[in-house]
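Residue numbers (this note's numbering), protein chains in the order written: chain V, 1 to 313; chain A, 1 to 256; chain B, 1 to 181.
Quick caveat, the hints were computed from the structure, so don't treat them as lab data. A virtual CB, placed ideally from N, CA and C, is assigned to each residue, including glycine. Don't take each hint at face value.
Unchecked claim - Chain A is nowhere near these chain B residues, computed Cβ spacing over 10 Å in every case:
no., residue
1, Arg19
2, Leu104
3, Asp157
Unchecked claim - DSS-like mimics (lysine-lysine), calculated; alpha carbons at most 30 Å apart, straight line:
no., chain 1, residue 1, chain 2, residue 2
4, B, Lys159, V, Lys63
5, V, Lys162, B, Lys159
6, A, Lys249, V, Lys63
7, B, Lys153, A, Lys136
8, V, Lys63, B, Lys153
Stated by the list, open to error - Cβ-to-Cβ under 8 Å is the rule here; a few derived chain B residues that face chain A:
no., residue
9, Val27
10, His28
11, Asp33
12, Met34
13, Asn38
14, Trp40
15, Ala41
16, Val42
17, Arg45
18, Thr48
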Amino acid sequence: MDQQTRVAAFEARIARGETIEPGDWMPDEYRRQLLRMMSQHAHSEIVGMLPEGEWITRAPSLKRKLVLLAKVQDEGGHGQYLYDAAESLGATREELIAALHSGRAKYANVFNYPVPSWADVGMIGWLVDLAAILNQSMLAKCSYGPYARAMLRICSEETFHKKQGQEIVITLARGTPEQKAMAQESLNRWWWPTLMQFGYPDSESPHTATLKRWGVKTKSNDELRETFIREIVPELRLLGLEPPDPELRFDEASGRWLHSPIDFDELKRVVNGDGPCNAARIGARIKAHEDGAWVREAMLAYSSKHELSEAGA
Amino acid sequence: MLSASLRSALDSKLLRLGDDEFILGHRNSEWTGHGPILEEDIAFANLALDELGHGILWYRIVALLRDEDPESYPDQLVYQRGAAEFQNVDFVALPHTDWAFSMLRQFLFDAYESIHVPALTASRFEPIAEAAAKIKQEEFYHLYHTKAWVQRLGLGTEESRRRMQTALDQLWTPFQQLFAPGPEESLLVDAGITADLGPVHVKWHEMVVPFLESCALVVPDDAVVPRLRQSGRSEHMGPLIAELQQVSKLAPGAVW
Amino acid sequence: MTSAEWPVYQVFERPAPERPLRAAGSVHAVDSDMALQNAWAVYGRRPTAVGLWVVPRDRVLMKSKEELAGFSPRLEAGTDREQTYCVFRRSGAKVVYEQATSVLATNAEQAMARAVEQLAGEDCQACWVFPAAALISSEGVGGECSFAPQQHKWFRDHKSFPVGALLRDARAHVEESDDDA
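Only chain V is shown next, with the shape it has when bound in the complex (with noise of 0.2 Å):
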């Protein structure tokens, strides 16, 4: 079977809805592109445990506490589940992380911000989470098996995250003046990166077709964005908060949000190492890697002195 052949069966297979499994031939693009979104996710989901992570010893009560240890610990098991999915196509664990601690692979720009104060863990919360789902509700029926499957998992779970980052908002927002503050401090930061994490408008995403017609993407980068605009700015105006843009308003006509121009050379800059906290994420990363080299050698010696059989092998 030559090369196009093969590419339309494949093509045939995923119009039908069929799910792809490791063994099942793919095109090589596919493989890449596939390896590609799933380790990114992946990252972003450890990159992230960070910036909240740093705010469990402060969560300024018990529910909060708990909760975003139990969200940030979901993080974790969210990069859990990714990495395993990635290394179906070949990749292993250590090339993945080995990835990231270079700076060769990315990350969700968003995790590249500070989080100076406590509303930040609601604002991440709401908006990273709400466009997290907005962008994996259509992986949850991706055409690559291992990744719908770890889909399906994460988005039941993501759903609880951003209505706790949205409780979080809504409490300060209705609470005291200072708290209020803080809130729209917050979002004054977080809205734009927030923007930027659909990533660069669909005249400039060569792969948004091509991904289309393989399942992988159902919509486009600018169609999310809208999706999340049209349904957040409501709610935060209800609560007295205004996104950090005289630009923004519904147009009648056209049935679309308007918006100030966002910056997409921030966002190159900030993808590529030049932001304010990717030095510091990686470096966090890496630490805890480095730190734990001792445990996982020790886990590997005492497993090969023991060699504990597996049960009836």
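Dock chains A and B against the given chain V, drawing on the hints supplied.
Only chains A and B this time, still in chain V's reference frame:
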């Protein structure tokens, strides 16, 4: 109905129980996102969540005794007391040095709970028996987990054994403070409300010493229970509580 | 051995007491005991499981429909004794593997062939088989190990975050102020 002296003794005992668990859970939560292995980061967070939850269970009973709302009073206890008012043993507040330290501390505590908590399920004071029954369900996994880790680290590499030994040398003596009865605690024991820590200590010792030795660790000789469970001002509680309460103090009385 | 070579274990969960097992995902671990513990941590902490199994990935034979199309198993009876193989499969539009049946076979390929035969009536999209003897179960750990506490964690319960009600309340508050204005 509890007599005034029993009530007072129980109040202070419950704070000790609650503060031990809560502060330990708080320290363990610091590892989240920084653990040596992803799967273990997740597991250790479970242990931290459980310990924090256990602390809250004990605090709710304090609320009951003080005629306060059990839903909201634990927050007051955690966010409004000064560092000096916390009744935890010193060692739970020690900042961790490395993974061996935290794992060993958790193991020693889990071993104690595996003996102490079942004894509390027999308490004649219903709220304690109920709380202990809930805690007991979770403690099985804790001990199963931390025992496996102590074994693997003790018998793993020379480095891991050395680190475990250092941790044991640091923790052993302060750990014994856990078994020092508090003021008026004998009243509670006589009334069948709490367990006598003497036999708990003996059983704990019988359990952990052979086990640690089987993990190639040398157990310090001194297992003497000191008279007091807190050896004066812990230098660590000040910064710990300041951090814990930092945000809540920005708007005291506010809902977060 | 580097961490890259830590074996992978497939994890299966029993979602409720009388329900069949389903594939949950996988974990890395140095050995089977740690695999079960890791599985417990990663997959046992939500109220989706009342029991967990782990099986080393290298004991699981996995075939998708496409791979099954070109599958010619060694069917000749070997000298190995027959043993029970657990069969999990993906059928129809479902993406999750669920326990289907078990078969007797002398090796994995024979088990796969027999499983596929048995599942012929279903729209079987992919199939996994592994020897029952290779699995390690949380049900065998002993003591009062229980997933029950995970069923009742209020901090993983949606009801603890009544966002809808709070927003309605905020809306009512705004409307009230509008009325007053």
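Hint-by-hint comparison with the structure:
1. Residue-level check passed: arginine 19 of chain B sits 22 Å from the nearest beta carbon of chain A, beyond 10 Å.
2. Remark: the non-interface label on leucine 104 of chain B is consistent with the geometry, its nearest Cβ contact in chain A lying 34 Å away (cut-off 10 Å).
3. Its beta-carbon lying about 14 Å from the closest one in chain A, aspartate 157 of chain B satisfies the requirement of being farther than 10 Å from that chain.
4. Taking the CA atoms of lysine 159 of chain B and lysine 63 of chain V, the gap is about 13 Å. The hint holds against a cut of 30 Å.
5. Of the pairs offered as hints, the one joining lysine 162 of chain V and lysine 159 of chain B holds, with about 13 Å between alpha carbons and a cut-off of 30 Å not exceeded.
6. Using a Cα cut-off of 30 Å, the hinted pair lysine 249 of chain A and lysine 63 of chain V holds, with the two alpha carbons roughly 16 Å apart.
7. Restraint check for lysine 153 of chain B and lysine 136 of chain A: satisfied, since their Cα atoms lie roughly 16 Å apart, inside the 30 Å limit.
8. Distance check on the hinted pair: lysine 63 of chain V and lysine 153 of chain B sit about 12 Å apart at the alpha-carbon level, within 30 Å; holds.
9. The restraint placing valine 27 of chain B at the interface with chain A holds, with a minimum CB-CB distance near 6 Å, inside the 8 Å limit.
10. The interface hint given for histidine 28 of chain B holds, since its Cβ lies 7 Å from the closest Cβ of chain A, which is under the 8 Å cut-off.
11. The closest approach between the C-beta of aspartate 33 of chain B and any C-beta of chain A is roughly 6 Å, which is under the 8 Å cut-off, so the hint is satisfied.
12. Because the closest C-beta pair between methionine 34 of chain B and chain A is about 7 Å apart, less than 8 Å, the hint holds.
13. Given hint, asparagine 38 of chain B at the interface with chain A, holds; its Cβ is 4 Å from that chain's nearest Cβ, closer than 8 Å.
14. Because the closest C-beta pair between tryptophan 40 of chain B and chain A is about 7 Å apart, less than 8 Å, the hint holds.
15. Because the beta carbon of alanine 41 of chain B sits about 3 Å from the nearest beta carbon in chain A, less than 8 Å, this interface hint is met.
16. Interface hint status for valine 42 of chain B: upheld, as the beta-carbon distance to the closest one in chain A is roughly 6 Å, under 8 Å.
17. Hint on arginine 45 of chain B holds. Least Cβ distance to chain A is approximately 6 Å, under the 8 Å limit.
18. Violation of the interface hint for threonine 48 of chain B is found here, the shortest Cβ-Cβ separation to chain A being roughly 15 Å, above the 8 Å cut-off.
Of the numbered hints given earlier, the model fails hint 18 alone.
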